[in-house]
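Visitor: Here's the letter readout for the chains.
Protein chains: 2
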Amino acid sequence: MSETDVFQQHISRQYDHELLDVRGRIMTLGGLVEAQVESAVAALSSGDVELARKVIEDDYKVNSLEVAIDEECTQILALRQPTARDLRLIVGIIKAIADLERIGDEAKRIAYQAIDLAGHFPKRNQLSELERLAESVRAMLRKALDAFARMDVDASIQVVKDDRQIDRQYEGIMRQQITYMMEDARSIPTSLDIMWSARSLERIGDRSCNLCEYVIYYTTGKNIRHVSIEQIAQELQES
Amino acid sequence: MSETDVFQQHISRQYDHELLDVRGRIMTLGGLVEAQVESAVAALSSGDVELARKVIEDDYKVNSLEVAIDEECTQILALRQPTARDLRLIVGIIKAIADLERIGDEAKRIAYQAIDLAGHFPKRNQLSELERLAESVRAMLRKALDAFARMDVDASIQVVKDDRQIDRQYEGIMRQQITYMMEDARSIPTSLDIMWSARSLERIGDRSCNLCEYVIYYTTGKNIRHVSIEQIAQELQES
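Order-wise, the sequence lines are chains P and V.
Heads up, the first sequence is in UniProt numbering, so the first residue is 1 and it goes up one at a time.
Heads up, the second sequence is in UniProt numbering, so the first residue is 1 and it goes up one at a time.
It should be emphasised that the hints constitute simulated quantities derived from the structure, not laboratory data.
Mixed in with the good hints there might be a few duds.
Which copy is meant is left open, so a pair is good if it fits within one copy or across any two.
Claimed, not checked - Subject to a maximum C-alpha distance of 20 Å in a straight line, what follows is the list of computed PhoX-like cross-link-like pairs (lysine-lysine): (1) 143 <-> 54; (2) 222 <-> 61; (3) 95 <-> 143; (4) 95 <-> 222; (5) 61 <-> 143.
Just chain P, same shape as in the assembly (with noise of 0.2 Å):
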């Protein structure tokens, strides 16, 4: 072996290392956000105010490690000059960290709303549906997290398609809330905590999906976004 093959292959080993901690990272920040948004629903059906106080100042976390994350791909881009699967992989945490801070901010929302709603013991049977929302957003969050690590395509476009669920189960509770909020007045500040946080749920589900999004256009290098999920399962299957 020439001393520059050595060279060369000591680069690319120390360049599969960068990519590999960052990766690393990534799953990090996930797991960090995964539990944001466990404590800010466990916050709220508790009505545990400390633990909402807990997830709002812990947000920092998620934002610094964002943007650690955020620096070492620009390094990556502008050190490693990477191209085609590497390019798109570096790509995609770009934009996949973004949608986790979100993800983080969105479970600080829903920290804010279970302080509020604390203050008005709401009925516990009005909580049922958004635990149930949100357990469901959750294992669709932890599927995409799992799915991004493995970039496993399959897996992903059924996060994708899990989101049609969410989406339904999140018009139940707007639908039967405006019931409520019309048959009682009183209960209109409860109803709209409930509102607010379903919607921040919705969101995560779809956040949950943009991840799955990258894992598509990092393996197959097509963007899917604004596609509907049956073509691309159809093209995938053909190609």
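We have chain P; now place chain V onto it with these hints.
Guide: Relative to the frame of chain P, chain V by itself:
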């Protein structure tokens, strides 16, 4: 001038041309998005269901232009392998077009609210605050696009400061509509439409701020997200 120099200059000119082209296209996208917001708000004010439907239909134009610019940026990264400021510009553009596309989504959401609202016949004075918020947000988006076109840091800082005014207007509308809902249950559907529209407008304000943050990142190399605007202004003055 040696042959290599001439060639180098040629490459460089073509590259400059590509950068100019991509900056031009982002302005086209910005103009399109601005027009969508304008039409959505006009549909809301006038109860023009046809106009609202046109906004919803035209959203695909925003989406396709965003995908095209995104691909153009990835091509430039792969072929030109830019570094330093050029790299920050391309990464900034990739992020900015994602924000513009989502401003387009918010315009579409406002258009859906406009169709719903047209069925409830709101009292004129119920819309006046919302129209004022819409005017502020549209002005802010326009300033943000101008600042982005000229990569103007001072103008960008001003836009980020203006966002506080938008937040205050938004909070005022929310409080006002809750009062209306509590006073008269019949106003609940109208008030909810107004609240959702106000929320979309407030989000458009947030995304306009994002554009300005990319300008500051491009020009100074500083990632100012999650940092107070006073701190930024201070640091830039000192440097």
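Visitor: Compare the structure with each hint and give your call.
Guide: Hints versus structure:
1. In this assembly of identical chains, the alpha carbons of residue 143 and residue 54 never lie at most 20 Å apart, being 25 Å within a copy and 36 Å across copies at closest.
2. In this assembly of identical chains, residue 222 and residue 61 lie within 20 Å of each other by CA distance solely across copies; the values are 19 Å between and 33 Å within a copy.
3. When the C-alpha separation of residue 95 and residue 143 is checked against a cutoff of 20 Å, the pair qualifies only within one copy, where the shortest distance is 18 Å, while the shortest distance between copies is 25 Å.
4. When the C-alpha separation of residue 95 and residue 222 is checked against a cutoff of 20 Å, the pair qualifies both within a copy, at 15 Å, and between copies, at 19 Å.
5. With identical chains, the CA atoms of residue 61 and residue 143 are never at most 20 Å apart, being 23 Å at best within one copy and 31 Å at best between copies.
The structure does not agree with the numbered hints 1, 5 stated previously, though it agrees with the rest.
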